[in-house]
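Engineer: Using this note's numbering, read the sequence shown as starting at 70 and increasing by one per residue.
Bear in mind the hints are in silico, worked out from the structure with no lab data behind them.
Do not take every clue at face value.
[Said to hold, decoys possible] Below, a list of computed lysine-lysine pairs in the DSSO-like style, where the Cα atoms sit at most 27 Å apart: (1) 74 <-> 85; (2) 74 <-> 110; (3) 74 <-> 101; (4) 115 <-> 85; (5) 85 <-> 110.
Note that the coordinates shown come from a computational prediction; the quantities given were computed from them, not determined experimentally.
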Amino acid sequence: MGDMKNRRGGQRILLKTSENPAITQFFSNAAKPGTRGFIVKPHTGKTHQIRVALKSIGAPILGDTLYGGEASDRLYLHAWHLQLPLSSGELSVTAPFDTGEVINEADVQTWYNGLNAPETYPWPSLPARFLPAC
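Go ahead and model the full structure; you've got the sequences and the hints to work with.
Structural biologist: Written out as structure tokens, the structure is:
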């Protein structure tokens, strides 16, 4: 969690201040030897938020060469499960993660097939000052 600032070359960086922070939570585990898979929950909608957050912890996204990720056949950032609040309830959409060389590896398929729905993870509560006003 921290403020984000524009940097040269189209990049953004994460700062230690938190006046208007990008708030991102995640869980990770091994998807295959030497590669971690992440379930990410962005609470704010900042440009490049997930990419910057993962780079800031030393885990750039595979294929994200702008933020130091190893070159690959694609950028392995995928909107797997989205939940959007609506006035009439909630819209929930799931998109299969089925395109790319790495996705077809047996270890990664085992990891993906073992994922639980995002709402079942024990997401930490946010500090009150970061909760939306009612």
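Engineer: State for each hint whether it applies.
Structural biologist: We went through each hint and held it up to the structure:
1. 74 <-> 85: Answer holds: residue 74 to residue 85 is near 11 Å, not above 27 Å.
2. 74 <-> 110: holds, 20 Å
3. 74 <-> 101: violated, 33 Å
4. 115 <-> 85: The given pair, whose Cα atoms are some 16 Å apart, holds under the 27 Å limit.
5. 85 <-> 110: holds, 19 Å
Hint compliance for this structure: hint 3 is the single one not met.
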